[in-house]
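**Student:** For this one, chain V is given, so just place chains Y, W, L and Z with the ligands on it according to the hints.
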Amino acid sequence: MSQIEITPQANPNKTAAKVKVHSPLYDFWRKFRKQKLALVAGVFVILLILVAIFGPIIAPYKPTAFDYSSVLEGPSAKHWAGTDAYGRDIFSRIIVGTRISLFVGFISVFIGAAGGTILGLISGFYGKWIDSLIMRICDILFAFPGIILAIGIIAILGPGLGNVIIAVSVFSIPSFARIVRSTTLSVKTTLYVEATRSMGAKSRRLIWKHIFPGTLSSIIVYFTMRIGNAILTAASLSFLGLGAQPPSPEWGAMLSDGRDYLSTAPQVAIFPGIAIFITVLVFNLLGDGLRDALDPKIKE
Amino acid sequence: MFSYFIKRLIGMIPILFVISIIIFLFVHLIPGDPARLVAGKDATMADIKLVRQELGLDKPLPEQYISYMTNLLHGNLGTSLRTKDPVSVMLAQRFMPTFWLSVWSLLWALVFGLLIGVISATKRNKWQDYSGMFAAVSGISLPSFWLGLMLIQIFSVQLGWLPTGGLDSWKSYILPSLTLGAGIAAVIARFTRSSLMDILKEDYVRTGRAKGLKERRVVWNHALKNAMIPVVTMTGLQFGFLLGGSVVVETVFSWPGLGRLLVDSVSYRDYPVIQAEMLLFSLKFLIINLGVDLIYGYLNPQIRYE
Amino acid sequence: MSKHLLEINQLKTYFFGDENVVPAVDGVTITINKGETVGIVGESGCGKSVTSLSIMRLLKHTSGKVVDGSISFEGKDLLSLSEREMRKIRGNDIAMIFQEPMTSLNPVHKIGRQIQEAIEWHLKYSKKKSMERTIDMLKLVGIPRAEEIVNEYPYQLSGGMRQRVMIAMAMACEPKLLIADEPTTALDVTIQAQILELMKDLKAKKETAIMLITHDLGVVAEMCDRVVVMYAGKVVEEGDIYTIFENPKHPYTRGLLKSTPKLHEKRDRLGSIPGNVPSPANLPKGCKFAPRCSQVMEACLEQEPVLKKLNDGQCRCWLYQSDSEKEGVKNDSSSLS
Amino acid sequence: MTAAPLVEVKNVKKFFPFKKGWFRSKQFVKAVDGVSFSIKEGETFGLVGESGCGKSTTGRMIMNLIQPTEGEVWFNGINLTELSPEQLRKKRRDFQMVFQDPYASLNPRLKVSDIIQEPMVIHGIKKEERIHRISELLETVGLHSEYADRYPHEFSGGQRQRIGIARALALNPKLIVADEPVSALDVSIQSQVVNLLQDLQDEFGLTYLFIAHDLSVIEHISHRIGVMYLGKLVEVANKDSLYEKPLHPYTQALISAVPIPNPRLKRERIVLKGDIPSPANPPSGCPFHTRCPKAFNRCKIEVPIMKKVYPDHVVACHLYD
Amino acid sequence: GSKGASGSKEGSGTSVKKKGKDITIAVQSNFISMDPQDTNDTQGYSAQKTMMEGLLGFDKNMKVIPVLAKSYKVSDDAKEFTFYLRKGIKFQDGTPFNAEAVKVNIDRVSNPANKLKRYSLFSLVKETKVINDYTVEVILKKPFGAMINNFAHPAGMMMSPKAIKKYGKDIGRHPVGTGPYEFVDWKQGDHLTVKKNPHYWRKGYPKLNSITFKPVPENGSRIDMLKTGEADFIYPVPTEEAKKINGKNGIEMISKPSIVVDYMSMNTMKKPFNNLKVRQAINYAINKPAFLKVVLNGYGQPLDSVLAPQVQFYSKQNVYKYDPEKAKKLLKEAGYGDGFTATLWGDNNSQAMKAMQFIQQQLGLVNIKVKVTPMESGTMDNKIWSVQNPKDADIQLYYGGWSPSTGDADWGIRPLLGGESFPPNSYNTAYYKNDKVDQLINQALQTADPKVRGEAYKKAQADIWKDAPWAFLATANTMFAKQSYLKGIYLLPDGSLDVNQAEIKN
Ligand SMILES: Nc1ncnc2c1ncn2[C@@H]1O[C@H](COP(=O)(O)OP(=O)(O)OP(=O)(O)O)[C@@H](O)[C@H]1O
Ligand SMILES: Nc1ncnc2c1ncn2[C@@H]1O[C@H](COP(=O)(O)OP(=O)(O)OP(=O)(O)O)[C@@H](O)[C@H]1O
Ligand SMILES: [Mg+2]
Ligand SMILES: [Mg+2]
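Protein chains in written order, with our numbering: chain V, 8 to 307; chain Y, 139 to 444; chain W, 984 to 1320; chain L, 1035 to 1355; chain Z, 58 to 563.
Bound-form chain V, shown alone (with noise of 0.2 Å):
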């Protein structure tokens, strides 16, 4: 008989060479190129940080300048965006206020996730008595009102933007946390995580190699979900003045300057609604490209 059998030792040099294992990197990149909204929405989400940067560079008035001879003017060739009660150009403002809110919007949901999704994570993973105060110090963070929370930050902290964010945190973590937890048990009990601790694992691995990956669609698709909800919570600080202080263009802020005129001048909160709107609608389109290139189910 003229066959090979196949032994382990069959040539380990020659094969060795033909391993070719693509990063996962260039996997996801590869997956996501194919998302064709969520690579819109990406592009507009680089447009946005672009718009951050350069904000004061681009807008075409200074969003502080005052005009008192045009004051709430509708949407013109001068003015696109129309003007607010000061007669400032309210296109400018939303440029120049992306910088402040994407940064509140981002980086107060970032810090939130994090610090939900490693409690949530050990939570649901160790289970007992861990899970049970983790899930009381969530259940007190839920309970108190987030205007006595934000206050008594703010007060314990000091005012400012850094605190807001902080305080938008805060806001977040308890949710994060019970979401990670949620999909951790039942990721938990899959007998993939049974084989690798039967290999030894330690815990830190299961957990961050193998169920923390398990959970991240529903991070991601929360988390970009939380965006437009952290950019109005953030406004509604500054409204209570504690964080971004008049007259600096947070869209939020605008957003509820806007409410006295809603029916006399709706482009006062019209378009800084929409700069959130299409800010969170990015955010999710992006998030739901994100998710579906990260799982390894989905081809398409």
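Treat the hints with care, since some could be wrong.
Claimed, not checked - List of simulated lysine to aspartate or glutamate pairs, EDC-like, C-alpha gap at most 20 Å:
id: 1; chain 1: Y; residue 1: Lys-261; chain 2: W; residue 2: Glu-1131
id: 2; chain 1: Y; residue 1: Lys-264; chain 2: W; residue 2: Asp-1208
id: 3; chain 1: W; residue 1: Lys-1188; chain 2: W; residue 2: Glu-1157
id: 4; chain 1: Y; residue 1: Lys-309; chain 2: Z; residue 2: Asp-247
id: 5; chain 1: Z; residue 1: Lys-253; chain 2: Z; residue 2: Asp-79
id: 6; chain 1: Z; residue 1: Lys-426; chain 2: V; residue 2: Asp-74
id: 7; chain 1: W; residue 1: Lys-1107; chain 2: Y; residue 2: Asp-223
id: 8; chain 1: V; residue 1: Lys-38; chain 2: L; residue 2: Glu-1162
id: 9; chain 1: W; residue 1: Lys-1093; chain 2: W; residue 2: Glu-1131
id: 10; chain 1: Y; residue 1: Lys-352; chain 2: W; residue 2: Glu-1131
id: 11; chain 1: W; residue 1: Lys-1043; chain 2: L; residue 2: Glu-1162
id: 12; chain 1: W; residue 1: Lys-1245; chain 2: L; residue 2: Glu-1302
id: 13; chain 1: Z; residue 1: Lys-327; chain 2: Z; residue 2: Asp-451
id: 14; chain 1: Z; residue 1: Lys-223; chain 2: Y; residue 2: Asp-223
id: 15; chain 1: V; residue 1: Lys-216; chain 2: L; residue 2: Glu-1116
id: 16; chain 1: L; residue 1: Lys-1300; chain 2: W; residue 2: Glu-1180
id: 17; chain 1: Z; residue 1: Lys-127; chain 2: Z; residue 2: Glu-137
id: 18; chain 1: Y; residue 1: Lys-222; chain 2: Z; residue 2: Asp-98
id: 19; chain 1: Y; residue 1: Lys-352; chain 2: W; residue 2: Glu-1180
id: 20; chain 1: W; residue 1: Lys-1245; chain 2: L; residue 2: Glu-1278
id: 21; chain 1: L; residue 1: Lys-1300; chain 2: W; residue 2: Asp-1184
id: 22; chain 1: Y; residue 1: Lys-363; chain 2: Y; residue 2: Asp-341
No lab work stands behind these hints: they were computed from the structure.
**Tutor:** Chains Y, W, L and Z with the ligands alone, transformed into the frame defined by chain V:
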């Protein structure tokens, strides 16, 4: 299961105790002098002094805490510094409107959210998906005051069908609950979609199809229950927040609920009311979380509580 | 001979990946008659499951698509039925037992409910009656304490029990055609024996035709009337059971038989077919089996043979093609190995 | 081969608690109910038995994935049940498992290369070595090395199981608990894998606990075989003895039920009657008496104990007293 | 004096008709208490005034008028006040109104042990004597010239002595007075309803059957209620919307000058505001007409004294004309040619934020960099009033508003600018202390003689104006809107409502 339930209920007692201490300290740490705020804008120092005595705020903090706790243990939540009403009566008055509003909002949100989520997940990347998700993103990013005022414009001012606010009849619930529900529906829709999309790839969904079941039945009966765990978590949270009362919606719709009471109490540093409300919120979250955990157990039989 | 119950003709089912097209099933022709049991054997990945999913039209939610060929069931063209008409057939006229017992049952529904559902749906039974039938079915497939098991969840059962549940589910509506994708793989022999008996019974009583996908040649020998051997998305040999076991034509079929361990047979090593199943993304040019074949010829590497009708079956191999097709590559099989 | 046993299982039991309804008291599924056996180094111990009789549970207890309710598991002279978690973790590289379910035991989010690497990463093997070994292992189990770049869901069942085997082999363990490793494989690959496992054993002196229900494979690969029924071992013998003169009626039934790949051969089968009893509520006396064609009165009352009938052949049956 | 009135009399749109005589009034916030002696919000008084009356009261222009008292007499030393009561008046619970009832009320509020919020208005009362059934005499501990206005203040409204006895501390939930309407029910946060008092002493009144007050905090919602007819009267009306709704759908918008002053105080004890030139420069640097236009949408007047024109003893001063050049010059003279940086504190409501941003921009033009810090009220209170020693005060600029609810100059000047009113005692956030002014304030309190008092306040106002401890900004108008069929309803300059003569004329 039952003993688990009882255990959790008993477990709440020490938690509530700890929470009450945290709440007390936290509330007293917030800057602001209730005596001055309660006494009013043109009060004199003498007025303020009187108010402070009247409210017992002149005593040292530990003494105040002890009397707060003894009252609490006797089931006495104290009286409002501002209105001098018993706090329990105030909360009772405000709780039911908030509760029913929350329930209605949640119902709307579940109906719309699940519907949109399921349709989007099953019609992935078709126009139904895109419009569903567009609606959901709108729900997330639309400030509720805006939505509320728009609804009033349309349904009250233009069409004259529904009242602009207040709580007079069942009609009063419609607009505020829709406003509140929109954001939650959006969240539920997003979660349902993403979670359901995962589940639809599972083998047992294929088994359902192989049985010849209608796609609708496969999705709603077989896939959805599996997909509900993250959705239930979210919904529980949202219900909790709802029960706290939404300041914005209560303001827009002149709703006699807990949210406005809290804001008023905070701006007047009405300690007994703030403390009682926060204690109520804690209890409410504990109960909701317990409920959510029990629902987990129902949804995923493999998660067992012993 | 009566009309064929199922006729698969030149079926081609491809998967469309992001970079390549995977021809998982590439021109398969199978016929099954009423009451007949046809075994489909072949190496893992050769397209057996995809063929069965194509029949059931369950590829809709994957990247797979039937690109060519036809499937007719009782004269109806399954591929052109509406989804609604197809639903009436699924689970009722054609039932399927899936390969993966662990993931094919819904983890959050009770066992009983999952079986009952199909009975209620297709046979229009009442709740109570369908539950009774469910319990009967479970008992039939040898599930202990069936009355209790109906109220349990899949995770509480061992793999074998789950597979029996799957079988009970598939047989509950007494289908005309049962597609069994490795139905006894996870079972122990005593239960396997019971189930095989059960399937034989069903076949005898209801004239159920069975398409039995398996790699256990023992099961094939016991159950089947005819055998279709597949390799790399194609049928390589087809013949009645005795021919296949006693006079296998294709080198692949022969290899398979040699690889099968037999009871009381003392061998130091099992025979085996060397090499791997070619990856469907880059199949060899000529005969797909050529790289692993012990009787490979020049022609094998150049051109793919056709499925040729022989007097006792069909075979896709140059060894049996007519002289004019073979030309100069006759008889020197060993010279190339 | 005469050295001290590598694995010694001493009277292990595993009772899973379960509850019905909210108020009823706890009941137990006696998945494994007092099993003892030992495996010598370099030996293959085959474990056969009906589905649900506790084979996997026994395997998982040896792997220390679940704690025995009672009893001890000794490995290489160490009582695994007494080790600290960290000591146990380190020890784990010496015993690996191949799982019954090739679908759920591979992390769907990891590539094949990562799955196979995982045990090596866990036990701190250098990267170059790992890369080298991945392709070696893939070839070993009969997969193209280009598959390293794919995800498990892109494979058919048999292919996945080979990945699982490659993973178990990665650390050159002393013991492999193979829980029905070939039942999802087609014959040609099954024979390759069985041959492969045998080769590995010859070369590295590996020890196997080989769980299967295919008696012909078990016969081929095992040196000694244990037959389980309802959480208990009913017969342990070396291969030749077991297949030539099976003693326990259950073993006899098992062997007679194996399908023979010969369409003309119609054998006399011992068909077992009756339902398989529930492990939550096992019958009194001999657990098999409810289905045993040779049962007599004593079987219902008295639990048979293991007796040596031939050298290297023990059985728990009243017929041989 | 309705010089600033800008409401049109008749709506130009379709006129709307009303069925029945029950009206709904939408107000901004929740009521806190119905005990006038324990109330400190104007809105609470608006509701109470439907049910209760005082010995004296205010007319439309904040002039003191007799109500339950026919007339009164004040001793020269402003220590003894004698009231002659109307006869035949009964409280809504049937208790007769007489001197004894007055004594019960005044005793209650002037007793510190009762810890009532309005104690301070009556803290000087030494005793109340019943002279006969319809004559009472109130004797003060020391002269207090402004006392008559305190009696006219809604805190001086009379409650039934029987009810006080019956309900004790709970009287705030069960108001019983002599007013044209009697209490029906009150659900916190939802509504408060009063109905016609059939035994009201003034013949022909009231003309409505019932009034329901509803707290509607959202500006837009209040207007919508008016549009849908759910409300017949709303206040306040946001200035932004005022012009838009006026005249449509039978809605009338009415705006009248108030006694509320908008100002920005400057900490006169701290650099650079201890320099008069700096303070004057700031006054010159702010364009008041622009302030009115931007912040108040034109509904208001420039502030031309520390008091609003309708406050008793107001005296007009020469407005600091908008002159940025002069401001710059003054700053240069003061040594701040390159400007400086300062922080401006204020409330976080939208009107205050607007005002502060306006000031920020205006001062920016003269090189003063202002950092605006709007604060939640509790937090700000803490920052301002927890300071024990003036030297520790962090406050630099503070934007605020003040309404002297007694309508008298004393309450408009002393708490804000009196030398003894530094925080935490009172509201002198400018830390302004001018001995001469203090002396004048004191002098005015020693007598009830309007001439003497007027003279003193005139001088004081002039001195303060010169010292410029504030940037004098504006007095805002009161704003309300109603259905055109609703007549005889108006807001007093202090922002409280008078519904007693309201009627429906379709
Ligand atoms: N969803 C899918 N996406 C891409 N390729 C697939 C998919 N399902 C199956 N394939 C490919 O199609 C080919 C045939 O697969 P199939 O499952 O039919 O094999 P099989 O004969 O059933 O094997 P086994 O005996 O292992 O079950 C395989 O190469 C597999 O990789
Ligand atoms: N986690 C668990 N909780 C409760 N019961 C369990 C659990 N795992 C297994 N069992 C029960 O224990 C018994 C033995 O299960 P086990 O998986 O060991 O069987 P097995 O011999 O491996 O069967 P198979 O051949 O089907 O794999 C079964 O009755 C099963 O229902
Ligand atoms: Mg298959
Ligand atoms: Mg098993």
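**Student:** Hint by hint, say whether it matches the structure.
**Tutor:** How the hints compare with the structure:
no., hint, result
1, Y/Lys-261 <-> W/Glu-1131, "violated, 39 Å"
2, Y/Lys-264 <-> W/Asp-1208, "violated, 47 Å"
3, W/Lys-1188 <-> W/Glu-1157, "holds, 10 Å"
4, Y/Lys-309 <-> Z/Asp-247, "holds, 16 Å"
5, Z/Lys-253 <-> Z/Asp-79, "holds, 10 Å"
6, Z/Lys-426 <-> V/Asp-74, "holds, 18 Å"
7, W/Lys-1107 <-> Y/Asp-223, "violated, 64 Å"
8, V/Lys-38 <-> L/Glu-1162, "violated, 28 Å"
9, W/Lys-1093 <-> W/Glu-1131, "holds, 11 Å"
10, Y/Lys-352 <-> W/Glu-1131, "violated, 28 Å"
11, W/Lys-1043 <-> L/Glu-1162, "violated, 43 Å"
12, W/Lys-1245 <-> L/Glu-1302, "holds, 17 Å"
13, Z/Lys-327 <-> Z/Asp-451, "holds, 9 Å"
14, Z/Lys-223 <-> Y/Asp-223, "holds, 17 Å"
15, V/Lys-216 <-> L/Glu-1116, "violated, 28 Å"
16, L/Lys-1300 <-> W/Glu-1180, "holds, 13 Å"
17, Z/Lys-127 <-> Z/Glu-137, "holds, 17 Å"
18, Y/Lys-222 <-> Z/Asp-98, "holds, 15 Å"
19, Y/Lys-352 <-> W/Glu-1180, "violated, 32 Å"
20, W/Lys-1245 <-> L/Glu-1278, "holds, 14 Å"
21, L/Lys-1300 <-> W/Asp-1184, "holds, 17 Å"
22, Y/Lys-363 <-> Y/Asp-341, "holds, 15 Å"
Checked against the numbered hints above, the structure breaks hints 1, 2, 7, 8, 10, 11, 15 and 19 and satisfies the rest.
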